[in-house]
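J.: Sequence:
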Amino acid sequence: QQQQQQAHQQQVQQAQLQQLQAQVQQLMQQQKQTEQDQPDQQPKQGKDPKPSLQTKQHKQNTTTTLPAPPGVCPQKYGKIGIFVAANDALAKNLGPSFSDVPNTLACYATLHGYELVVRDPRAYPECEKYTSFMFARICAVLLYLEEGTVDWVFHVDADELIVHGSKCIEDFIHPEAHLIFQHRVASGELAAGAYLARKSDRTIAFLKRWLLLSLAADTGFAHVASPHPGARSEVLAGFLQPELLQKPGPIKGWRNGDNGALHLVLIALIKGDNDPLLLQCATKYHHLAAFNIQTYDAFLACVAPVFNTCPFFPEAKVLVLPRGQGFGRDFDVSLDYTAHDFFVHGIKTKYSPPSAWLAPHESQPWIGTGKMASQEVLNQHCKPGWTPAMKANLVSTEAQMQKYKQSMTKLGQARRTGMLPVDFACWPNCPVVTSDCGLQAR
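Using the numbering used here, you'd call the opening residue of the sequence shown number 1 and step up by one each time.
Because the hints were derived from the structure by calculation, they are not lab data. Misleading hints may appear alongside valid ones.
[What the hints assert, rightly or not] The calculated DSS-like cross-link candidates involving lysine-lysine, where the alpha carbons are at most 25 Å apart (straight line), are:
no.	residue 1	residue 2
1	K79	K317
2	K208	K79
3	K76	K199
4	K317	K208
5	K284	K208
[Said to hold, decoys possible] Estimated spans, in silico, between C-beta atoms of each pair:
no.	residue 1	residue 2	range
6	A356	A414	22 to 32 Å
7	A290	G385	45 to 55 Å
8	Q406	K208	39 to 49 Å
9	A89	K403	29 to 39 Å
Computed from a predicted structure; not experimentally measured. For each residue, glycine too, the CB sits at the ideal point set by N, CA and C.
Given these sequences and hints, build the entire structure.
T.: Structure (structure tokens):
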């Protein structure tokens with residue numbers, strides 16, 4: 001009976017893959033015909049355009065790839081690629097204005113000379129087996145790095161909106177770091193949706209371990225260990241409890257996808273597989289309750305002592321940007337934006353649609369088109385001095401800034417995770433690190 005269920009699951013996955021391939025092929029034909037009939041025209045007023053990804057075949061992958069022309073930001077750390085994992089199911093979920101967000105990012109990438117890749121993770125055959133989109137995207141970043149076309153990859157979610165075109169990714173890179181993550185403002189949780197990763201053996205090994213632990217938590221450790229020789233001793237060491245080795249099913253608890261596993265893999269890299277705190281927190285991770293934010297916050301409180309020290313760990317070559325000092329913040333901090341914001345996360349129809357943030361403007365003619373802008377259009381408009389034309393309000397007065405800080409503090413104190421800081425009165429000039437951490441404040 002178990003073999004029949006596995007065979008049925010494989011048939012379902014194969015059917016889903018064939019359906020996705022058919023949809024992609026159809027989208028390609030529709031896009032080609034649209035560009036021939038109405039090149040770069042705005043849609044007629046009325047019903048919102050159907051969201052879709054402009055796609056093309058590249059090394060047998062479904063992808064939109066924009067090459068990196070000479071840019072404004074100094075490329076002092078080599079070539080940087082911006083990777084966005086997306087597919088048509090995600091585009092539908094994000095809403096009819098979905099393409100406005102990656103188009104704005106594409107303009108930013110063109111301006112500064114970054115390569116932009118918008119890719120369905122399962123376009124990589126090696127990533128097809130991951131039924132969870134969140135795990136498949138780790139697989140895709142891993143393989144993108146292994147292609148060797150970039151020195152750094154900046155992974156961002158498809159619902160991350162850039163709000164300032166003048167900021168450089170290089171400003172967030174520490175020259176000795178290989179992995180750079182950030183804390184969320186509200187909970188202090190380390191965010192899996194936006195991070196920087198340097199092309200190195202250390203990074204590749206880290207991504208493989210993160211992927212495997214995330215997968216193991218969802219499908220069962222016994223299941224994952226069997227097709228991966230040495231997985232129990234080499235990859236999952238430090239995370240396994242004896243009673244879990246024989247469990248065929250998943251850990252029944254809310255782990256916030258690949259976010260929860262990220263903390264354990266980072267602690268193992270920073271402190272080693274046999275560190276007592278790692279084993280203690282792994283126990284809490286294994287016993288998280290289903291859809292229970294309280295038990296998840298207790299898990300975050302367990303790992304907090306590691307990340308409340310210096311944010312830079314020189315031996316592990318890991319930098320964790322403190323709360324409020326990262327690449328971006330979630331939309332729930334404020335529906336306004338400040339001069340210090342870089343990205344705002346969660347821009348989707350269900351929560352905070354792109355139309356509430358981006359304004360129709362001649363500098364961004366792709367707004368509302370429902371398709372990815374051509375490189376010709378981007379080259380025409382994305383020149384030095386460009387920045388997104390915003391409908392959202394820019395925080396400009398002292399009173400507005402105080403309200404913004406109070407919102408950050410309220411969110412920071414609402415969830416008791418033990419992650420510091422929880423008072424943002426000093427923001428944006430809070431000290432990033434102390435002098436003995438080997439990292440100067442930005």
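J.: Are the hints correct? Go through all of them and say.
T.: Going through the hints against the structure:
1. K79 to K317: 19 Å, holds
2. K208 to K79: Between K208 and K79 the Cα gap is close to 23 Å, so the pair holds against 25 Å.
3. K76 to K199: 15 Å, holds
4. K317 to K208: 17 Å, holds
5. K284 to K208: Status holds; Cα separation ~22 Å.
6. A356 to A414: 22 to 32 Å: Holds: the Cβ-Cβ distance is about 23 Å, inside 22 to 32 Å.
7. A290 to G385: 45 to 55 Å: Given range 45 to 55 Å: holds, Cβ gap about 51 Å.
8. Q406 to K208: 39 to 49 Å: 42 Å, holds
9. A89 to K403: 29 to 39 Å: About 37 Å separates the Cβ atoms of A89 and K403, which means 29 to 39 Å holds.
In the structure shown, no violation is registered for any of the earlier numbered hints.
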